[in-house]
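Listed below are the residues making up each chain.
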Amino acid sequence: MRAAAATEFGLPRLLAGVRRDGLPLNLGMHHRLHGPLPSARGLIELVTASGLRGRGGAGFPAGKKLAAVASARKRPVVVANGAEGEPVSSKDKRLLHRAPHLVLDGAALAAAALGARDVFVALDSTAGEELGAVGNALEERRDRGLRWHLSVVPPGFVTGEETALVAALEGREAKPAFTPPRPFERGLRGAPTLVQNVETLADVALVARHGPEWFRALGTHDEPGSALFTVSGAVGRPGVYEAALGTPLQALIAQAGGVRGVPGACLVGGFFGSWLEPFAAQSLRLLDAELGREGAALGAGAIVVLPAAACGLDQTARVVRYLADESAGQCGPCVHGLAALAGAVETVAAGRADSRPAALRWLRQIRGRGACRHPDGVVRFVESSLDVFASEIELHLQGRCSGRRGEFLLTTRRA
Amino acid sequence: MKRTVRVNPIACNGSGLCAELLPERVTLDDWGYPIIDPRPLTPDLEEHAERAAAACPTLAFLLRDK
Numbered sequence: 523m524r525a526a527a528a529t530e531f532g533l534p535r536l537l538a539g540v541r542r543d544g545l546p547l548n549l550g551m552h553h554r555l556h557g558p559l560p561s562a563r564g565l566i567e568l569v570t571a572s573g574l575r576g577r578g579g580a581g582f583p584a585g586k587k588l589a590a591v592a593s594a595r596k597r598p599v600v601v602a603n604g605a606e607g608e609p610v611s612s613k614d615k616r617l618l619h620r621a622p623h624l625v626l627d628g629a630a631l632a633a634a635a636l637g638a639r640d641v642f643v644a645l646d647s648t649a650g651e652e653l654g655a656v657g658n659a660l661e662e663r664r665d666r667g668l669r670w671h672l673s674v675v676p677p678g679f680v681t682g683e684e685t686a687l688v689a690a691l692e693g694r695e696a697k698p699a700f701t702p703p704r705p706f707e708r709g710l711r712g713a714p715t716l717v718q719n720v721e722t723l724a725d726v727a728l729v730a731r732h733g734p735e736w737f738r739a740l741g742t743h744d745e746p747g748s749a750l751f752t753v754s755g756a757v758g759r760p761g762v763y764e765a766a767l768g769t770p771l772q773a774l775i776a777q778a779g780g781v782r783g784v785p786g787a788c789l790v791g792g793f794f795g796s797w798l799e800p801f802a803a804q805s806l807r808l809l810d811a812e813l814g815r816e817g818a819a820l821g822a823g824a825i826v827v828l829p830a831a832a833c834g835l836d837q838t839a840r841v842v843r844y845l846a847d848e849s850a851g852q853c854g855p856c857v858h859g860l861a862a863l864a865g866a867v868e869t870v871a872a873g874r875a876d877s878r879p880a881a882l883r884w885l886r887q888i889r890g891r892g893a894c895r896h897p898d899g900v901v902r903f904v905e906s907s908l909d910v911f912a913s914e915i916e917l918h919l920q921g922r923c924s925g926r927r928g929e930f931l932l933t934t935r936r937a
Numbered sequence: 005m006k007r008t009v010r011v012n013p014i015a016c017n018g019s020g021l022c023a024e025l026l027p028e029r030v031t032l033d034d035w036g037y038p039i040i041d042p043r044p045l046t047p048d049l050e051e052h053a054e055r056a057a058a059a060c061p062t063l064a065f066l067l068r069d070k
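Just so you know, the protein sequences line up as chains A and B, in that order. Take any residue in the first sequence, note its place counting from 1, add 522, and you have its number in the working numbering. Take any residue in the second sequence, note its place counting from 1, add 4, and you have its number in the working numbering.
Just chain A, with the same shape it has in the complex:
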């Protein structure tokens, strides 16, 4: 069935028809907008052909992941990953709250394609209205042959990492595991497990309805489709926005009401992302291929515009300490290395000493040394900070600061 205008080639797709009153789309509204749940026949091939890449941050090809789980010999399980632990990202929560059935459709389709019976929807315990929305949505649905589990896991920056999430769902501490095996081989209670970000699953639901060519009408060949972005900081209307991949950052920021005042720097990709010069950043397009040339990546699509009045170096010091504290505490290089790095950034931010040589040495030592990518994300963030805030560091070493203290403290608490 060809669905309504909301699903023509343009935008919005994921946020199509979301209600102005801020209430979730119920099952009836969802069906009127998107049409009924399609068949899962050929789903893996369709998703592979669509070129959809995971929207949880790592960008792994969704079709490849589905195929890997499908090739296992045991009955798989599906986990819809809504444990969005990144403090400057709220797009997964927003999607789950406003369009829960689109996410659940994707999970149900993946389960049908894989022959899975158990589907877990994982949210962390900071979840508020989206927990209720998903609970209500599950009560409305009649998915034959599926057992839904709405699971609330402890909050934490690393909880959404797939091996940590599997551990949390098993009732163990939400800590990453040494791999292999990855969850697609042996995950939840030993079963091959598809852990897929909720936005990715919503895209799966759209691809199943409209096909890969429709999906590829937006974005580029290597990075097709649209994505959700959380835009915060010095913009007119901070919030969650949908944009085609390849959209100029400037256009996304314009959607969010434009820059308010004078921008100091732009953080692209959240706390595992990179600071960019605000004017250089704005001309970049939202593509890993383009951001990669600046050492940046889209990650889970969190964008923060830092006002010039806020000191980027002070913000960075806060975030690095937060990320060091959020280490799962398992791997020596992460435990000791991130704490040392946080100390070095704090030292230079306080203007006590030029700790950059030590920081550079540790950045080289830490990269690639954890069981998960947590230390690598912090390394990227600190490297870009030392680069973009180089002149700010000189100021601090002279006992000065370009910002006003206390101005715009980058949140390190989940929204």
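Bear in mind the hints are in silico, worked out from the structure with no lab data behind them. This list has only true hints and no planted wrong ones.
Covered stretches of chain B, going by a simulated chain A footprint (3 or more residues, C-beta under 8 Å):
hint : region
1    : 8-17
2    : 21-35
Far from chain A, some chain B residues (derived; all Cβ distances over 12 Å):
hint : residue
3    : R43
4    : P44
5    : T46
6    : D48
7    : L49
8    : R55
If you anchor each label on the Cβ, the simulated ranges turn out as follows:
hint : chain 1 : residue 1 : chain 2 : residue 2 : range
9    : B       : D69       : A       : R711      : 24 to 32 Å
10   : B       : P44       : A       : D909      : 32 to 40 Å
11   : A       : S924      : B       : P47       : 55 to 63 Å
12   : A       : G814      : B       : R10       : 23 to 31 Å
13   : A       : A861      : B       : P27       : 21 to 29 Å
14   : B       : L67       : A       : G693      : 28 to 36 Å
15   : A       : D898      : B       : D48       : 30 to 38 Å
16   : A       : G667      : B       : T46       : 50 to 58 Å
17   : B       : E28       : A       : D909      : 28 to 36 Å
18   : A       : E661      : B       : E54       : 57 to 65 Å
19   : A       : G758      : B       : D34       : 39 to 47 Å
20   : A       : G851      : B       : E28       : 27 to 35 Å
Cβ atoms here follow ideal geometry from the backbone N, Cα and C, with glycine treated the same way.
With the hints as your guide, set chain B onto chain A.
Only chain B this time, still in chain A's reference frame:
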């Protein structure tokens, strides 16, 4: 058959024995945890690598077939 060295960083407690037994492939970071040279082991290093694996108190030092 080429073999490489890998460390399970969760299991590793930084005893440093591997760096003593296989300095050709293992150095220690500022906190005493091993940094591994990913190049395959040459035949003359095989025996030293096996000794390092056997000596590791947490069995974190792993030899993998490439």
